[in-house]
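For the protein sequence lines, the chains are A and B, in the order given.
My numbering puts the last residue of the first sequence at 392; the count rises by one with no breaks.
My numbering puts the last residue of the second sequence at 1381; the count rises by one with no breaks.
Hints in this document: simulated from the structure, not taken from any laboratory.
Just so you know, not all the hints are guaranteed correct.
Stated by the list, open to error - Straight-line distance between alpha carbons at most 20 Å, and here's what the computed EDC-like set of lysine to aspartate or glutamate pairs gives: (1) B/Lys1120 - A/Asp167; (2) B/Lys1136 - A/Asp167; (3) B/Lys1091 - A/Glu185; (4) B/Lys1048 - A/Glu40; (5) B/Lys1091 - A/Asp87; (6) B/Lys1048 - A/Glu143; (7) A/Lys115 - B/Glu1289; (8) B/Lys1091 - A/Glu43.
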Amino acid sequence: MHNYRYTLKTLFKNRMMIFWTFAFPIILGTLFHLAFSNLEESEQLNTMPIAIVDNMEFQSNEALVSAFTAMSDETSEDPLFTIQYVDEEKAKALLKDEEIIGYVFVDASTHVMIKNNGVEQTVFKLICEEIIQSNEMINTMIEEKMAQVGNMHITDPTAMIEQIKQDVMERMQEETSYLNDTSSEHMSYVVIEFYTLIAMACLYGGMLGMFAVNCKLANMSHHGKRVAVSPTAKGKLIFTSVLAGYTAQLVGIALLFAFLVGVLHIDFGDNLPLITLLALVGSFAGLTIGIAIATLVKSNENMKAGIFIALTMLGCFLSGMMGVTMKYVVDTNLPFVNRINPAGLITDGFYALYYYETLDRYTMDMIALLLFSFVMIFISMFQLRRQRYDSI
Amino acid sequence: MTVFKTYCKVLTKCKWPILLYTVILIFFSAFNTQNNDTSTMFSATRPKIHIINLDENSDVSKHFITYLNDHSDIIDFDSEEAVSDALFYHKISCVITIPKNFGEDFYQGKDVHIDIKSTKDYQGSLIEMMLERYVKVATAYVSIFDDHHDLFQAIDQTLATEVETSIASSLDSDSLNKAALYFNFSNYCLVAGCVFVICMILTSFKSDHIRKRTIISSLNYKKYNRQLLLSNGVFTFVLWLFYIVLSILLVGNAMFTLHGLLYMLNSFVFAFCSLCLAFLIANLVKNKEAINGIVNVLALGSSFLCGAFVPMEMLPEGVLKAAHVLPSYWFIKNNETLKTLETLNTDTLQPIFINMLVIFAFSCLFIIISNIIAKKKRKIN
């Protein structure tokens, strides 16, 4: 208990350590939030600015005029286009200055001018085609109807044509959808960034464990030498030091969680007990890496910290911290890498809780994390046991 | 020369972080500039989709899939979990399920519905539009055409009607995009590289016992300062030159155009600003351990807030407004403006040069502040 209390005090007094394990994840989380808060919204289909060359040919094309008017109706909830009716020179200038994504020019046929290829431009072209196609539909249907009626006497062919025209126009402009959307509500991939952040904080917390163990190693510090000659059982000392490291680590994780949920409103799903359990196990995995590096690497403290940070950052990188795509690429091409990468497992555990309705994937991640931690502990114990120095 | 030699000696100790920043830069640029679309012809975006067909025997579902195959890339997966993952990470834009009685309902004129799971982004909306279009045309024709063959032919014919699409720009927008992306990201490497190395070296020179030794030596303090300043300048110049060579390797020929030259000039002005910023930080901070934290917060902060990692147009307006107080904003804004400039003349280049002047003004400000601080800290007890 005595050792536990003093180790805790030493840890909290190490300002650099506290910065990296407590403050840095919170700063990074704030930056993520500022940078990514608009990301998904800007990837959604918004009102597109376009121009139409307002010439005689356009005005005489009833289908185009009415369709574009309907699609730019400002009173509707989300109009597809905001349209500027201009002459060709002005349209070119607008496109050049990127004030519009493209413009429509009608002569004998309809032309679409754009500045570069892209999804927005494809949507614009698709909509223009849809308008042209409704004309084509009317013609095809009239032709077919005429062929079917053949030589039979039609009392009022103009009425029939008008009827078909009206039907098609109604159909093309009708609001009812043929699609039944069953998409999940939990589709925000940006949350993965924040999950990797938690993973990073869990693993960085291992530095505290590493520092605590270093203080008890005779080959690392004078403090360690004094401890080594003391009559207290080494196992007990190491255990209480590690426990102090773990306590400090959990304080940091709790602060980060409170910040992410309370201030940044990040969605972690609804299962609070399982989220907490994952954070506890994740931090434990980080702690075991810290202990393993402290015992395995026979070098000074800076070297150990360097190796620890490099390993953690590599793990976070592979789990999608510097780009969510990376996690998917690794998961699909080299699945075993993220099965032994604790950052990948922690991130995947949170992802499973957020996105999947079943707990199979979460359970697998937890088992893998625990296994990883026990392997690390086993290696560290094997290294530490019966360590004796005749002189040092 | 003594000072410069010592400078180089300390510099070699910092080679690993610089190498790390460079590796990140290369990796990021290579990862994000794989797209090689240099055409000046229109090519439609083809969304990636996955189809689950529960109505395999009907000819209309087969025809529907053929239509989708022409306009999108259909991707198959081993398991349901793989499909869910791919949709979440936007590797596919939509999962389309054709319901069991689709064909039967379709021919009987009943309401037909297709189940979809979509990413809700641009590509998701695009594929939704394609689906709606097919079903609208097909359900309109099915009431008129009795023969299935004629029906499908009519659907195909209508859906194949296209508008003529041309690209107005003569710019090699792909290469310029690559260049902008590369230089935007270099913001992180330049700030982190300069601040980290220069601060590390200057704090070594400023540690009390070394400073005391230097002060009592015969070396004139003006000469000493000049050499130190020159060494930092040389380092920044070499770092900048290294990143320029890298840009030529990664971006290619576009760097040898006037646009490329302006990108280089812009990054040179910014490198100078980074040098001044590093000087300021070195004057403020004495503790070597704190430097790492400051570098990370500064480099990551300015990169995230000014649009080096996430494109500027995707950042919230408030963040961009706040970013005006950082030189990185003006640097990145120039990169973004440059890629859209079709004609380069005094009128179009004016905003570019004004932004460069702003960066230069920031540099001057940093120098003035560091001088004031240095003056106050000159005394040693």
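Structure-based check of all given hints:
1. The suggested pairing of B/Lys1120 with A/Asp167 is violated, with an alpha-carbon distance near 30 Å, which exceeds 20 Å.
2. Proposed proximity of B/Lys1136 and A/Asp167 is supported: the alpha carbons are some 12 Å apart, at most 20 Å.
3. Our distance criterion of 20 Å between C-alpha atoms is met by B/Lys1091 and A/Glu185, whose separation comes to about 18 Å.
4. Using a Cα cut-off of 20 Å, the hinted pair B/Lys1048 and A/Glu40 holds, with the two alpha carbons roughly 18 Å apart.
5. A threshold of 20 Å between alpha carbons decides the hint, and for B/Lys1091 with A/Asp87 the separation of about 41 Å lies outside it, so the pair is violated.
6. Restraint check: the Cα-Cα separation between B/Lys1048 and A/Glu143 comes to about 36 Å, which exceeds 20 Å; the hinted pair is violated.
7. At roughly 50 Å between alpha-carbon atoms, A/Lys115 and B/Glu1289 are farther apart than 20 Å, so this suggested pair is violated.
8. With a C-alpha separation of about 14 Å, the suggested pairing of B/Lys1091 with A/Glu43 holds against the 20 Å cut-off.
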